[in-house]
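Novice: So the chains spell out like this:
2 protein chains.
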Amino acid sequence: MNALDSHLLKTIADLHSIPQGAYNIRKNGTGISRNSTANIEIRPKEDKPGIDIIVKPGTRGESVHIPVIITNEGLEDVVYNTFDIGEGADVVVVAGCGIHNPGESKAEHNGIHDFIIRKGARMRYIEKHYGEGEGKGEKILNPVTIIEIEEGGYAELELVQIRGVDSTRRETKARLHKDAHLLVTERMLTHGQQLAESNILVELIGQDASTQVISRSVAQDNSRQIFYPRVVGFNRCRAHVQCDSIIMHQAHVRSVPEIAANHPDAQLVHEAAIGKIAGEQLIKLMSLGLTEAEAEETILQGFLK
Amino acid sequence: MNALDSHLLKTIADLHSIPQGAYNIRKNGTGISRNSTANIEIRPKEDKPGIDIIVKPGTRGESVHIPVIITNEGLEDVVYNTFDIGEGADVVVVAGCGIHNPGESKAEHNGIHDFIIRKGARMRYIEKHYGEGEGKGEKILNPVTIIEIEEGGYAELELVQIRGVDSTRRETKARLHKDAHLLVTERMLTHGQQLAESNILVELIGQDASTQVISRSVAQDNSRQIFYPRVVGFNRCRAHVQCDSIIMHQAHVRSVPEIAANHPDAQLVHEAAIGKIAGEQLIKLMSLGLTEAEAEETILQGFLK
Numbered sequence: 001m002n003a004l005d006s007h008l009l010k011t012i013a014d015l016h017s018i019p020q021g022a023y024n025i026r027k028n029g030t031g032i033s034r035n036s037t038a039n040i041e042i043r044p045k046e047d048k049p050g051i052d053i054i055v056k057p058g059t060r061g062e063s064v065h066i067p068v069i070i071t072n073e074g075l076e077d078v079v080y081n082t083f084d085i086g087e088g089a090d091v092v093v094v095a096g097c098g099i100h101n102p103g104e105s106k107a108e109h110n111g112i113h114d115f116i117i118r119k120g121a122r123m124r125y126i127e128k129h130y131g132e133g134e135g136k137g138e139k140i141l142n143p144v145t146i147i148e149i150e151e152g153g154y155a156e157l158e159l160v161q162i163r164g165v166d167s168t169r170r171e172t173k174a175r176l177h178k179d180a181h182l183l184v185t186e187r188m189l190t191h192g193q194q195l196a197e198s199n200i201l202v203e204l205i206g207q208d209a210s211t212q213v214i215s216r217s218v219a220q221d222n223s224r225q226i227f228y229p230r231v232v233g234f235n236r237c238r239a240h241v242q243c244d245s246i247i248m249h250q251a252h253v254r255s256v257p258e259i260a261a262n263h264p265d266a267q268l269v270h271e272a273a274i275g276k277i278a279g280e281q282l283i284k285l286m287s288l289g290l291t292e293a294e295a296e297e298t299i300l301q302g303f304l305k
Numbered sequence: 001m002n003a004l005d006s007h008l009l010k011t012i013a014d015l016h017s018i019p020q021g022a023y024n025i026r027k028n029g030t031g032i033s034r035n036s037t038a039n040i041e042i043r044p045k046e047d048k049p050g051i052d053i054i055v056k057p058g059t060r061g062e063s064v065h066i067p068v069i070i071t072n073e074g075l076e077d078v079v080y081n082t083f084d085i086g087e088g089a090d091v092v093v094v095a096g097c098g099i100h101n102p103g104e105s106k107a108e109h110n111g112i113h114d115f116i117i118r119k120g121a122r123m124r125y126i127e128k129h130y131g132e133g134e135g136k137g138e139k140i141l142n143p144v145t146i147i148e149i150e151e152g153g154y155a156e157l158e159l160v161q162i163r164g165v166d167s168t169r170r171e172t173k174a175r176l177h178k179d180a181h182l183l184v185t186e187r188m189l190t191h192g193q194q195l196a197e198s199n200i201l202v203e204l205i206g207q208d209a210s211t212q213v214i215s216r217s218v219a220q221d222n223s224r225q226i227f228y229p230r231v232v233g234f235n236r237c238r239a240h241v242q243c244d245s246i247i248m249h250q251a252h253v254r255s256v257p258e259i260a261a262n263h264p265d266a267q268l269v270h271e272a273a274i275g276k277i278a279g280e281q282l283i284k285l286m287s288l289g290l291t292e293a294e295a296e297e298t299i300l301q302g303f304l305k
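Sequence lines, in order, name chains P and V.
First residue of the first sequence: 1, per this note's numbering; consecutive thereafter.
First residue of the second sequence: 1, per this note's numbering; consecutive thereafter.
I should point out that these hints are in silico values taken from the structure, not numbers from a laboratory.
A few of these clues could be false.
[Said to hold, decoys possible] Just some of the chain P residues that point at chain V, by a computed CB distance under 10 Å:
{"no.": "1", "residue": "Ile112"}
{"no.": "2", "residue": "Ile116"}
{"no.": "3", "residue": "Gly233"}
{"no.": "4", "residue": "Val253"}
{"no.": "5", "residue": "Lys276"}
All C-beta atoms, glycine included, are put in the ideal place defined by N, C-alpha and C.
Please construct the entire structure, taking both the sequences and the accompanying hints into account.
Specialist: Okay, here's the thing in structure tokens:
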């Protein structure tokens with residue numbers, strides 16, 4: 001791994017060296033380093049690109065890192081990863097993709113992630129997306145996340161687009177069974193001419209399934225964002241969806257949430273807001289000695305934290 | 001007018017007798033009584049069914065009643081009404097449609113209403129829908145409301161579906177210019193096998209245009225409701241959209257609001273909630289001596305007020 005690889009891995013997965021525990025590092029469409037542990041097995045798929053990650057029942061306090069980096073232009077990388085989180089396990093999965101596109105033709109990574117969180121298991125999943133590069137070649141990321149949570153299971157999806165991604169179309173679909181809970185936090189920054197679309201569908205199937213979806217975004221320059229978060233309740237269940245966007249410059253933001261109740265004991269709530277940075281916040285920080293640009297940056301960082 | 005006519009007019013327009021001021025009463029597809037005043041002219045359209053309502057600039061404190069009643073089955077009534085509210089006027093328009101369908105074939109009324117609220121004018125518009133009848137003939141109401149509000153104008157749309165409407169598809173479109181304000185309050189009760197769909201689109205075009213959309217609904221039995229409130233901001237503007245639904249029995253409710261900002265100074269907020277009647281409220285009223293059914297009815301009436 002060279003300095004550029006390390007820089008990308010640090011940005012998307014907070015990795016300063018080869019991680020502890022199970023990991024799979026993919027670079028320019030190929031696995032370059034892999035490690036399984038006694039409790040977490042990673043094995044390449046035989047029928048298509050990608051890996052199976054199998055976490056033994058009862059595994060606790062372990063992590064899996066599966067970052068992807070791309071440093072070539074003209075690459076269209078599609079990968080299928082399947083996660084089986086065994087009963088009663090409690091693990092952290094760190095994914096993410098960093099693209100450094102040096103040229104004029106596009107670099108694209110589409111990660112299709114399929115999760116099953118088995119009975120009573122817990123998973124925290126962190127996925128960060130980042131793009132950079134000297135040329136005008138587009139950096140494109142179209143992640144698909146499909147998650148099924150069995151009885152009493154819990155999952156947290158932390159989905160972050162740091163910056164530099166020219167085009168993204170995010171698909172997230174979840175099915176929750178009895179007493180399952182899903183927390184989705186999405187944070188996204190777009191700038192330049194970037195385009196971002198996020199579709200989230202959470203189906204609350206089992207009794208007392210519940211979900212919280214929190215989406216925060218900042219749209220700068222001429223960028224465009226569209227959000228379609230949807231929650232459908234089929235049973236006694238609860239959901240809270242919250243979308244907040246800061247709009248700047250000539251950006252456009254559309255938020256089209258849906259809540260649908262197909263059961264009299266479904267309790268679904270949605271809130272959305274689009275607006276600019278609050279003037280009072282700017283003035284307060286500037287009165288403490290920050291320039292307007294510094295104050296703006298501080299507020300945006302806080303909002304996307 | 002017979003007793004049935006009076007009953008329908010009282011239900012939809014609070015009319016106990018022929019109203020004061022300007023009015024047009026339509027029954028079973030024909031105007032049966034009309035009155036213009038010095039300031040408000042009502043004249044039948046020449047090219048299609050319907051009337052033009054012209055309110056002179058500066059007219060204040062006057063009202064127009066244009067109720068529609070249907071007491072025959074097998075009628076499909078379409079009417080085009082055009083409202084011109086002159087500069088600086090301040091008037092109340094009471095519309096609404098009541099259907100008593102005595103038979104087995106459907107009775108349908110589609111009122112297409114087109115408003116221009118001129119510079120600085122104010123209008124309060126009240127439209128109530130109601131259906132009843134001995135037979136199984138459907139009562140169908142598909143209103144279309146198109147409203148343009150000029151600089152500094154103000155309009156309030158109070159759109160109420162009382163009960164008994166088997167199928168409704170509501171279309172409401174508004175364009176707001178500089179400093180214009182629109183308040184929409186929609187209240188809807190569905191029961192039985194009824195179906196209700198409401199599409200609202202408010203475009204905030206002029207600087208400092210603002211809107212508030214409040215939708216409240218109760219879905220009972222096997223009824224289905226779908227709401228698509230949309231607000232699009234093209235300028236410095238403000239919007240607040242609030243949809244609350246009470247779901248009961250085997251009903252289904254979908255709420256799909258959209259806020260879209262195409263300007264950095266657009267401030268748009270949306271809130272939606274679907275849930276059942278709060279248990280504490282029921283218990284409190286029952287502890288005061290009401291039966292459960294009475295307590296439920298009291299809460300629903302309050303919610304839809």
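Novice: Next, verify each hint and record whether it holds.
Specialist: Verification of the supplied hints:
no., hint, in the structure
1, Ile112, "violated (27 Å)"
2, Ile116, "violated (28 Å)"
3, Gly233, "holds (8 Å)"
4, Val253, "holds (5 Å)"
5, Lys276, "holds (5 Å)"
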